[in-house]
Amino acid sequence: MSAPTLTPTRPEPSAPGAALTQRRSRPGEVAFRLAMQSCLVIAFGVLASLLAWVLIKGWNRLDSRLWTEMPTGLTSRLDGAGVQSALVGTLWIISLVAVICLPIGILSAIYLEEYADNTRWYNRLLELNIQNLAGVPSIIFGILGLGIIARALGLGFTVITAAIVLSLLVLPVVIIATREAIRAVPQSIRQASYALGATKWQTVSRQVLPSAVPGIATGSILALSRAIGEAAPLIVLGAVTFITFNPDGLDSAYTALPIQIYTFITRPQAEFAELAAGAIVLLLAIVLVMNSIAIFVRNRFEKRW
Amino acid sequence: MTTSTQSAGSVAGNSLRRGRRRPIESIVQVLLVAAALVSIVTTVGIVIALADPTIEFFQQVSLVEFFTTTSWTPTFAQKAYGVLPLVSATLVVTAIALIIAVPIGLGSAIYLSEYAKPATRRVLKPIIELLAGVPTVVYGFVALFALNPLLQKWWPTDNGPGFQNLLIAGIAMGIMIVPTIASISEDSMAAVPRSLREGAYALASTKMQVSTRVVVPAAISGIVAAVVLGVSRAVGETMIVTIAGGLTSDRVVFNPLEGAATMTAFIANISSGDIPVGSLDYDSVFAVGALLFLITFALNAVSIRMVRRFREVYE
Chain V
1 MSAPTLTPTR PEPSAPGAAL TQRRSRPGEV AFRLAMQSCL VIAFGVLASL LAWVLIKGWN
61 RLDSRLWTEM PTGLTSRLDG AGVQSALVGT LWIISLVAVI CLPIGILSAI YLEEYADNTR
121 WYNRLLELNI QNLAGVPSII FGILGLGIIA RALGLGFTVI TAAIVLSLLV LPVVIIATRE
181 AIRAVPQSIR QASYALGATK WQTVSRQVLP SAVPGIATGS ILALSRAIGE AAPLIVLGAV
241 TFITFNPDGL DSAYTALPIQ IYTFITRPQA EFAELAAGAI VLLLAIVLVM NSIAIFVRNR
301 FEKRW
Chain W
1 MTTSTQSAGS VAGNSLRRGR RRPIESIVQV LLVAAALVSI VTTVGIVIAL ADPTIEFFQQ
61 VSLVEFFTTT SWTPTFAQKA YGVLPLVSAT LVVTAIALII AVPIGLGSAI YLSEYAKPAT
121 RRVLKPIIEL LAGVPTVVYG FVALFALNPL LQKWWPTDNG PGFQNLLIAG IAMGIMIVPT
181 IASISEDSMA AVPRSLREGA YALASTKMQV STRVVVPAAI SGIVAAVVLG VSRAVGETMI
241 VTIAGGLTSD RVVFNPLEGA ATMTAFIANI SSGDIPVGSL DYDSVFAVGA LLFLITFALN
301 AVSIRMVRRF REVYE
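Respectively, the protein sequence lines represent chains V and W.
Quick note: the first sequence uses the UniProt record's numbering, first residue 1, plus one each step.
Quick note: the second sequence uses the UniProt record's numbering, first residue 1, plus one each step.
It should be emphasised that the hints constitute simulated quantities derived from the structure, not laboratory data.
What follows is a list of derived Cβ distance ranges for each label pair: (1) T70/W / A52/V: 40 to 46 Å; (2) W121/V / I55/W: 24 to 30 Å; (3) V47/W / R65/V: 42 to 48 Å; (4) T68/W / F245/V: 45 to 51 Å; (5) P217/W / I189/V: 33 to 39 Å.
By construction, the Cβ of each residue, glycine as well, lies at the ideal position given by its N, Cα and C atoms.
Chain V with its partners taken away, still in its complex shape (with noise of 0.2 Å):
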């Protein structure tokens, strides 16, 4: 009775459902599903495949010797090298870069975020000027640190002219994860403390600055990483010889990981490349794992409000 009224109804809920499946496995759309999903894979699948390759190539030099002997530009001496005096470098550079560059990164955000007035035309400037300087080629900062602070200032092809150098590449990094780690700290939190009678600096350094420390941790860490990365201002620096010591001053000689790797690389000999490679893994390996805590302390501890 009920039955014959309702098999001409029953296409029509049916209808709307057939027409979404008949839309999912339209040819197009899955065409561009797949290819928007081969772009993903083949960037990873690429870097990955990358980044393996230099693992193997590198396999049978990672091994202490990697840490405990000198460079070598002899082929003869290659089986006993290393790069000892690279990685104590890149330890004493990036000491110094968190030294200096991580006050004056985090000064200049707060000052930026709770003082500056953002009408003023000189703040404003002031925040160009950062944001054009985050985009300034690293070998500009090289030319910066020969014409200025390597022969103007006479301190010479140095540890701490490296250091100065990769601080003020890396200073932009920090200065914009500051500001926006910041940026992040309610209004809210600073009124109660002004309510409480606290200043302007007790407010800062009480209140806004502890709820920051994630995000500034995590850009802090980035800049410091992409430091241990950066080889092009060091060439333009003369760190381009075999040093087999080990730096022992500010003023000492130096050279640094990534230098050692390119100074391999442009060996004609073909032993090189495969010591170029255990020290790839080496430099990968500290920069890799430094972005991985930086990722971690910023998903994991950052305050949503």
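With chain V held as given, fit chain W onto it using these hints.
Chain W in isolation, oriented as in the chain V frame:
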């Protein structure tokens, strides 16, 4: 009770009055301004470092010779200072890098933002950011020792790519830029409000239509900024082109199978040797550096403007 409130009141009053005179507050202000000035000093320093030797360079080489002649041979006995070979090599490498990086980067961003499950996205996005941090010397190494041998092996004709060539440098640079373009354009696509997508779906749009006609146009300034940033990185990239791009600069090379020196590669190459300070060769490093600085300055200005537009719309 009364005394405590009174004293509390007077303390607050004191601190309010004293707050203005607290030495630490003004010391801090001075420190903050000093720190902020460092970045201004850096820019001024760059300009001074470039300007002085560049002016000296152009006192001996005319601007016309610099910009119109087609041979750059400061290290040859017969010296010539036409910057076009360095500029053309930079353009060729950048173009190849973009041809690879823009479609792959954008495609990845669209997939991550529109198609991928939230869980997939949560895993892949940080990995992309991680890969953006791989040092460029690594890309130079794989270009020279892994990618180029493959390219030479697979090349169909006899006169294939050389030991160093612009094609392989461009490919490696493209691979390098993909994470940057993917990450920044994904950010701007994620910032497109859901309501726009839902509106389009309500009008019976398909997923592809929503992606290509709603999300991409809405995020276009962020995407353009990502691409411009990619161009800026490619133009200023040094290690890949120095290692894998070649050294020729005595003529303009447009064939990507040949090697040629870019602006950055020239600077890196000549400064790894010994050049006497104050010589014309020394000054030429700064002249090329100044040109590079101006080009990237213009690109940055475009990118900053685009990012600002993209932020104004949705924040």
